[in-house]
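Please model the entire structure based on the sequences and the hints provided.
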Amino acid sequence: MAEGSFTGFARPAVPTPQEIRDWALDPYSTAPEGRQWDLTLATDELVDTWLDLAADATCPKRSFALHVLYIYAGDAVRTNFRVHPRKRVDRLLEKAVDSGDQYVDLWAANTKALIRQPDLFDYHEWCNGGLVRTPRRLNPGPTRKP
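Position 74 of the sequence shown, counted from 1, bears residue number 74 in my numbering, the numbering being contiguous throughout.
Be careful, since some hints might not be right.
Simulated crosslink set (EDC-like; lysine to aspartate or glutamate; CA at most 16 Å straight-line) [to be verified]: (1) Lys95 <-> Asp105; (2) Lys95 <-> Asp44; (3) Lys112 <-> Asp90; (4) Lys112 <-> Asp122; (5) Lys87 <-> Asp44; (6) Lys87 <-> Glu45; (7) Lys95 <-> Asp56; (8) Lys112 <-> Glu94; (9) Lys87 <-> Asp75; (10) Lys95 <-> Asp52; (11) Lys87 <-> Asp48; (12) Lys112 <-> Asp75; (13) Lys95 <-> Asp38.
Now the in silico label distances, taken between C-beta atoms and shown as ranges [stated by the list, open to error]: (14) Leu25 <-> Arg116: 27 to 37 Å; (15) Arg86 <-> Thr30: 17 to 27 Å; (16) Val14 <-> Pro140: 34 to 44 Å; (17) Arg136 <-> Arg11: 32 to 42 Å; (18) Val83 <-> Arg11: 31 to 41 Å; (19) Leu39 <-> Thr16: 16 to 26 Å; (20) Arg136 <-> Lys95: 18 to 28 Å.
No lab work stands behind these hints, which were simulated from the structure alone. These numbers come from a predicted model, not from an experiment. Just so it is clear, CB atoms sit at the ideal spot from N, CA and C, and this is done for glycine as well.
Structure below.
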């Protein structure tokens, strides 16, 4: 398959989990045209798929999947769980720990730190890929008492 020729999305703005898997596992596919496609993919319906792909060391789009997980977590916390329910995030964190993958484990640790200390949210780090490009554990300061 030639680079960029992935045609498996019926509606790229609202892909199915299977379409995402097919796209992510195709080493030659590129993201559909359009700005901020990554932001539209951080949904409750797709988050389990992104977690599975991020934990798969053989997935060509593994970094992209991890990037979407950071967007998802950042949106959840910065909106005080109005966009993504706390129960859903907690369940995802449990599943992440079970993955045994170092990058997914790091995402889970950083997400837990963000939940404890929401002022750790930085748009560049959480939504523009900073924590994916430069993987590191966030070190929250002492928790402030209200």
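We went through each hint and held it up to the structure:
Between Lys95 and Asp105, the direct Cα distance comes to roughly 10 Å. Compliance with the 16 Å bound is thereby established for this hinted pair. Taken as a hint, the Lys95 and Asp44 pair is honoured in the structure, with Cα atoms around 14 Å apart against an allowance of 16 Å. Proposed proximity of Lys112 and Asp90 is supported: the alpha carbons are some 9 Å apart, at most 16 Å. A threshold of 16 Å between alpha carbons decides the hint, and for Lys112 with Asp122 the separation of about 15 Å falls inside it, so the pair holds.
The suggested pairing of Lys87 with Asp44 holds, with an alpha-carbon distance near 11 Å, which does not exceed 16 Å. Straight-line distance between C-alpha atoms of Lys87 and Glu45 comes to about 14 Å, which keeps the hinted pair within the 16 Å bound. Between Lys95 and Asp56 the alpha-carbon distance is near 14 Å, which keeps this suggested pair within the 16 Å criterion. With a C-alpha separation of about 11 Å, the suggested pairing of Lys112 with Glu94 holds against the 16 Å cut-off.
Between Lys87 and Asp75, the direct Cα distance comes to roughly 14 Å. Compliance with the 16 Å bound is thereby established for this hinted pair. Between Lys95 and Asp52 the alpha-carbon distance is near 9 Å, which keeps this suggested pair within the 16 Å criterion. Distance check on the hinted pair: Lys87 and Asp48 sit about 14 Å apart at the alpha-carbon level, within 16 Å; holds. Between Lys112 and Asp75 the CA atoms are separated by roughly 14 Å; this keeps the pair inside 16 Å, and the hint holds.
At roughly 22 Å between alpha-carbon atoms, Lys95 and Asp38 are farther apart than 16 Å, so this suggested pair is violated. The beta-carbon spacing between Leu25 and Arg116, approximately 35 Å, falls within the hinted interval of 27 to 37 Å. Restraint check, Arg86 to Thr30: a C-beta distance of roughly 35 Å breaks the suggested window 17 to 27 Å. For the pair Val14 and Pro140, the supplied restraint of 34 to 44 Å holds, since their beta-carbon distance comes to about 35 Å.
In this structure, Arg136 and Arg11 meet the distance hint of 32 to 42 Å, their C-beta atoms being roughly 36 Å apart. The hint said 31 to 41 Å for the Cβ distance between Val83 and Arg11, and at roughly 21 Å that hint is violated. Restraint check, Leu39 to Thr16: a C-beta distance of roughly 18 Å satisfies the suggested window 16 to 26 Å. Judged by the Cβ atoms, the range 18 to 28 Å given for Arg136 and Lys95 holds: they are separated by roughly 22 Å.
Going through the hint list in order, the structure does not satisfy hints 13, 15 and 18.
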